Every structure is written in C-alpha cells, then in structure tokens.
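**Student:** Those protein sequence lines, which keep their order, are chains A and B.
Note that UniProt numbering gives residue 136 to position 136 of the first sequence, counting from 1, and the numbers run on in steps of one.
Note that UniProt numbering gives residue 138 to position 138 of the second sequence, counting from 1, and the numbers run on in steps of one.
What the hints contain is simulated information worked out from the structure, not anything from laboratory work.
These figures come from a predicted structure and were not determined experimentally.
Among the hints, a few may not be true.
If you want the footprint, here are the derived chain B segments under chain A, 3+ residues with CB under 8 Å [stated by the list, open to error]:
# : region
1 : 29-36
2 : 137-148
3 : 195-201
Glycine included, every Cβ here is placed at the ideal spot set by N, Cα and C.
Protein chains: 2
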Amino acid sequence: MTETTTDDDARHREKMAKRKAVQDAEVASKRIEKGLLIVHTGPGKGKTTAALGLVLRMLGRGHRVGVVQFIKGAWDTGEARALKSFGDRIAWHALGEGFTWETQDKARDIAACRKAWDTAKALMADPGIRLLVLDELNIALRYDYLDLDAVLADLAARRPDLHVVVTGRNAKPALIEAADLVTEMGSVKHHFSAGVKAQEGIEF
Amino acid sequence: MTETTTDDDARHREKMAKRKAVQDAEVASKRIEKGLLIVHTGPGKGKTTAALGLVLRMLGRGHRVGVVQFIKGAWDTGEARALKSFGDRIAWHALGEGFTWETQDKARDIAACRKAWDTAKALMADPGIRLLVLDELNIALRYDYLDLDAVLADLAARRPDLHVVVTGRNAKPALIEAADLVTEMGSVKHHFSAGVKAQEGIEF
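So that you can see chain A by itself, here it is in the shape it has in the complex (with noise of 0.2 Å):
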C-alpha cells in the first residue's frame, strides 16, 4: 500500500466518523413514536407495491396487518396469494368492483366504497391491526365517492398507535396536510411508452 493510498484512507476514515456522528445525533434527537399516516400518491409506478413491502415488513416483525382495497378488487393479484400464506396475521378485503371506468355504474361504485370504508374503520376499531393499507382510498376520494371530511375524520380519530397507509394518485390536500409521510412517486420513464404490455409479477 502507497503513502497516498494510507492518506486516501484516513481522509475517507475521518470524512465518514464525521458523518457517523451527524447520523448519531440525528437519529438521538427524534423521540416520538406514533402510528404514522402516510400517503403514497403521484403518477409513477410503485405506490401500491410500497404499501406492500411495509406490509410485509410488519408482518417480518409479527404484528397483524389489515388491507382494504378500494377500487381495484376485482384484480386477481399475485400479492393477494402470497399473503394468504401468512394466514390470519393478515385481513385483506377486496371490496372495490374494478376501476370506475369497468363498471360504468357510478351507485354501485359509490356503494362498494362506501362498504370498503366501513370495513376500513372496523379493522381500524381493532387493536390486533397495527398496520392498515387503504389501497387506491385517493381514487375513491377524487370522484367524491367517499365524504372527504368524514373519512379524515374517521382517519384523525383512530387510536394513536395505528400505522395508515393511503395509495393512489392525486391525493386530496387536506390528507396531504393531514398525513406524517407523503412520497410522491414520479414517472420518470415508463415501459408502457415503449410498447411493453403489463407483465405477470410486474403489474399484477
């Protein structure tokens, strides 16, 4: 090993114990713990697959998991079967009927949101859930099928530990403004424009 390389070392040693320190310090300083609404939202990929990798990781830790799908239950989902592995640790409810634009039913739409959001606050009354995926809840609030107020209401009023995840595009302001984490997940380049078709695995 060469004097530079020795230096170059130490210099990356010194840089990265100063880092470690920030990182520390950082990390001691954040001492609340809460159940956390968070909001995926945005026009690219990935919202709903989130909200899937932090279902998984609670169940990783042993906690119980609850989804409900707002619009898109119709779907035969790959995720849907591997969850039933984990057996009773997870409550999934499909109770949206396919995107609005399937059915071409507008009551039926608002009716199946409304049964959705109804199964939404009793998985919230449950003290066994410490997780709650509220999938696509933005589309069923951005057609108004759901009373926006009512369901940040039903949303602030949950008990303080309860972790909330809320996907789908164009999420109202008011969540926004309400939520402890919003990613907005941004189409930077997407298969689609060349030609690609949805994938098994991939889309669904």
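Chain A is fixed; fit chain B onto it per the hints.
**Tutor:** Frame of chain A; chain B shown alone:
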C-alpha cells in the same frame, strides 16, 4: 330516482364507456414482453419497500426471486424474516456491511460490494430466478465502489426474460438511460422533520 339523477347516471356511463374504450385500445397496443430493468430512485421513502412489493407479487405468481442487499446487509430487517416463510423460492443475500459511515473502511466496503456483484451475476445466471432485486446498488455505484460500465454491461447481457429492480438514491444517468421503468420517489413530507423516530415495521 329523479330524472336529473338518471341523466347524470347516463352521462357517467357514457363517459366511462368512452374511457374504457381508450383504455382497452391502449392495453391492446402493447405487445412486447420482456424482462424489465426497473430503477427506484429519489430522496423519498418507498424505494426498497416498492421492490419488496414486487417480490411479494412475483412469489404470489409462483416464481422464484433473488435479492442482493449491497449496503444495509448488517440490518436485521422485518422483511427478511417475513420472506423466510417462502423457503427456497427466495434467494436472499445480505452482503453489504451497513452504510459506509458505519464501517468507516473503504477497502472493506469495496470488497463487500464486489462480492455482492458476483452474487448478483450468479443469480442472473440462474434460469429459475424471474425477478432480481439489487437493493441500494445505486449507493455502491455513487461511491464508485463498483465500475458503472461493467455493471451496465452485465445487466445488458442478462437473459431477456429476467426482471431486475435497482434501488437507491442518486441513480447514475447512464443507468436511467439503460432502464425501461424509472420511478423517482419524491419526499413531500417526512415525519423525521417532526421529531418522530424510526419505528419498527415502518423503517425496519
């Protein structure tokens, strides 16, 4: 039901029928099936969790999946435990040794990244693997712990039906150029700013 409501319902049906026609035509126009190179980057949360969601989806479809963690292998994560229940359908390799400011040893970090890349190549050569997650590979590339051109050449030479997901902030422009699908996770709001600490099942 009043006449106005019926008109409204009819308009809704017509609008949704048109949208469905556009949607169906769009779906029909995509004919290519190929293994995608997917990149999850950006400062927001959800990069790794969205990759995990794809893992779950692929497992649900009955396929085998490979995961190589380039950086945070020393972490004891909930998801690793959850995925163990899928047995040999998941090949999980946690090869990174914590973030580089934890090790403070550049030579060790580089050696760990090279070993991780060799493992990634072995998994790419395994015809049973349908999806390969290269978690935090972007960090390894950003610090030049791996040669970008060599990594891109290996990715380009993979078999045509293998889906690969690369995660981590600051994806290199050449990787974005090579990718089929790129999502930028933007941080709209983060609970760490409000003094909330990293919590079990959410951050780890």
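**Student:** Can you list which hints this structure breaks, lowest number first?
**Tutor:** 2
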